[in-house]
Amino acid sequence: MSNTAAIEIRGISKRFGNHVALDNVHLDIRPGELVALLGPSGSGKTSLLRIIAGLEAPDSGQIMFGMEDASRRHAGEREVGFVFQHYALFRHMTVFENVAFGLRVVPRARRLPRTAIADRVTKLLELVQLGWLADRYPSQLSGGQRQRVALARALAIEPKVLLLDEPFAALDAKVRKELRRWLRALHEEVKLTSVFVTHDQDEALELADRVVVMSAGKVEQIGAPGDVYTAPASAFVHEFLGDTNRLACHIAAGRVLLADGGVLGRVEAPDGEAIAYVRPHELDILPAKDGSAFIRHASTFGPLVRLVVGFGTANLDVAMPVERWVRLGIAVGDRLNLAARYGAVFSDPAAPAAQLLPEVPGTMFAASICQQGGTQRN
Amino acid sequence: MTARGRDGALARRMLIGLAVVVAGIVLGMPLAIVLVEAFARGPAAYLAALADQDTLDAIRLTVLVALCSVTVTTVFGVAAAWCIARFDFRGRSLLLTVIDLPFSVSPVIAGLVQVLLFGRRGWLGPFLETYDIRIVFALPGIVLATVFVTLPFVARELIPLMQEQGAEEEEAALSLGASGWQTFWRVTLPNIRFALLTGVLLANARAMGEFGAVSVVSGHIRGATNTMPLQVEILFNDYQIEAAFAVASVLALLALVTLGLKLALERHQSGTHANEERPT
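Heads up: the protein sequence lines correspond to chains L and B, in order.
The first sequence begins at 53 in the numbering used here and counts up by one.
The second sequence begins at 242 in the numbering used here and counts up by one.
Since the hints were derived computationally from the structure, they do not count as laboratory data.
A couple of the hints might just be wrong.
Per the computed footprint, the stretches of chain L lying under chain B, defined by three or more beta-carbons under 8 angstroms from a beta-carbon of chain B, are [as the list claims (entries may be wrong)]: (1) 71-78; (2) 178-189.
Some chain B residues near chain L, calculated using beta-carbon distances under 10 angstroms [unchecked claim]: (3) E409; (4) E412; (5) L415; (6) R508.
Virtual Cβ for every residue (Gly too), placed ideally from N, Cα, C.
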């Protein structure tokens with residue numbers, strides 16, 4: 053792969069005082085792809101992005117841009133476009149001057165003539181659909197507009213790589229969604245190798261060609277959005293991507309048993325302690341007068357009904373289509389049994405999961421859950 | 242309006258009145274007296290007092306000293322503020338404390354230190370004498386003493402602003418290919434320009450008005466090492482009251498101009514501040 057990678061990250065480590073921000077990270081980024089660095093805060097994703105940009109120096113390791121070692125190169129020489137989380141627009145310059153900045157600071161011998169700079173800036177502002185705001189100052193723009201100015205400014209220097217730090221975090225939900233689609237379309241158009249940092253799994257899964265899930269300075273998994281979601285490489289990845297219910301369990305002869313002996317399902321894994329995850333939409337409820345669980349809370353959210361189900365000492369999340377909820381005709385307080393249609397069982401939290409299957413399709417597990425069991429939400 | 246509201250309004254008026262009266266007695270009256278006394282014998286006598294050769298020399302020296310020391314203070318202030326706001330290094334809080342030292346140390350001590358260091362019997366005295374360099378009782382000593390006194394003004398004005406603004410714009414400039422100098426001139430400096438001007442104005446006012454530190458190192462040589470505040474004292478001690486007040490009035494006017502400029506700057510700044518706020 054190394055000869056085709058646009059950026060190759062080789063064993064990068066970085067510490068801030070006693071805190072290990074990055075621990076021997078390896079990653080290849082292919083030309084023209086859009087990669088998401090996804091992880092909770094403190095996972096090292098922003099540090100990695102800043103190291104790629106040259107804004108931070110790694111303690112060890114190399115960054116290769118193509119065949120070239122960029123580790124020793126100054127940020128300004130890396131031909132990297134960086135979009136900051138809070139945009140970092142030059143507040144005393146107009147939108148036009150902001151975008152033109154990268155072209156004006158080029159040494160005179162290589163600098164474009166004044167009119168060519170003006171042409172390029174005008175084109176870029178059209179690309180981000182902000183031509184009409186050229187004379188405004190950053191403070192006079194909305195968040196989404198600032199974001200696009202920051203993008204145009206980064207693109208002005210014709211970078212080899214575009215890096216975006218939490219590009220949508222500072223925007224409200226509606227603008228965020230629009231801008232996300234727009235950025236994806238823009239990427240299809242310019243096909244620039246791009247890396248963005250996010251802590252929002254929806255953003256990563258929707259936008260990226262590949263997702264790099266990070267935790268505590270390490271890469272947990274690299275893969276296509278569909279793969280990291282359906283085949284997580286570790287318990288952390290499963291938990292981080294989407295809502296899930298966490299159940300402490302015990303494997304004995306291929307059967308997944310809860311603390312008090314209730315059967316959750318079958319699994320092909322060695323005997324021993326394990327943790328099972330079942331996503332809210334993978335849990336079925338079956339009304340029963342003597343059921344082991346009961347409905348604590350129900351709320352309708354668009355086409356889905358979300359339930360909080362009391363089960364032993366724990367609360368589990370269950371999600372189902374509105375139609376099914378209506379057909380079941382049950383209400384808060386009613387007792388029921390739960391059944392897992394599917395799930396992931398981790399004998400070792402750092403290794404991929406074994407698939408949890410119903411013992412007989414439709415089987416219920418009617419047992420209370422041990423203390424550690426609980427609900428995980430992201 | 243409730244009873245409490247009325248009480249509040251009354252208390253407010255009384256406090257405002259008190260503040261105005263105190264400010265009038267302590268600040269306004271002396272200023273008025275300076276001007277009244279200076280012009281007591283009419284404008285002709287006033288101008289004649291200022292046209293005195295020693296006085297003119299004192300004015301010239303004061304301007305020269307202010308120019309030199311404010312330049313040093315400004316360069317130091319920008320550099321120190323940049324270091325402190327941008328980097329976390331060992332000794333950072335020590336540097337912050339040292340910058341504040343002139344606020345807490347009597348200026349006379351600053352002057353005395355110069356004499357002890359650079360004077361004929363000072364630590365470096367023999368060395369300086371060998372190379373025939375005069376610091377104490379000469380321009381360099383006066384400038385050094387003034388620099389000591391004015392050192393915190395620019396740095397103190399800049400540090401909170403630069404800390405609040407953060408380094409992101411500078412990082413953006415660097416990643417767009419700007420050199421360190423380009424980043425400083427095109428991004429850092431425009432962002433701090435108003436605070437910098439305010440700091441320079443305050444430092445300048447202090448530099449021109451400094452008495453204690455300069456008094457120790459100057460040696461009071463008329464026409465050579467006398468600054469305006471020293472000249473005022475000499476004239477006063479010589480019973481040339483009108484002349485003393487005339488020079489004092491020039492100093493007071495300089496101070497008023499400084500304050501006026503500062504006020505205008507603040508007005509301008511608050512007018513544009515809404516436009517310069519960082520997005521959150």
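Hint-by-hint comparison with the structure:
1. 71-78: violated (count 0)
2. 178-189: violated (count 1)
3. E409: 4 angstroms, holds
4. E412: 5 angstroms, holds
5. L415: 5 angstroms, holds
6. R508: Because about 18 angstroms separates R508(B) from the closest Cβ in chain L, which is outside the 10 angstroms limit, the hint is violated.
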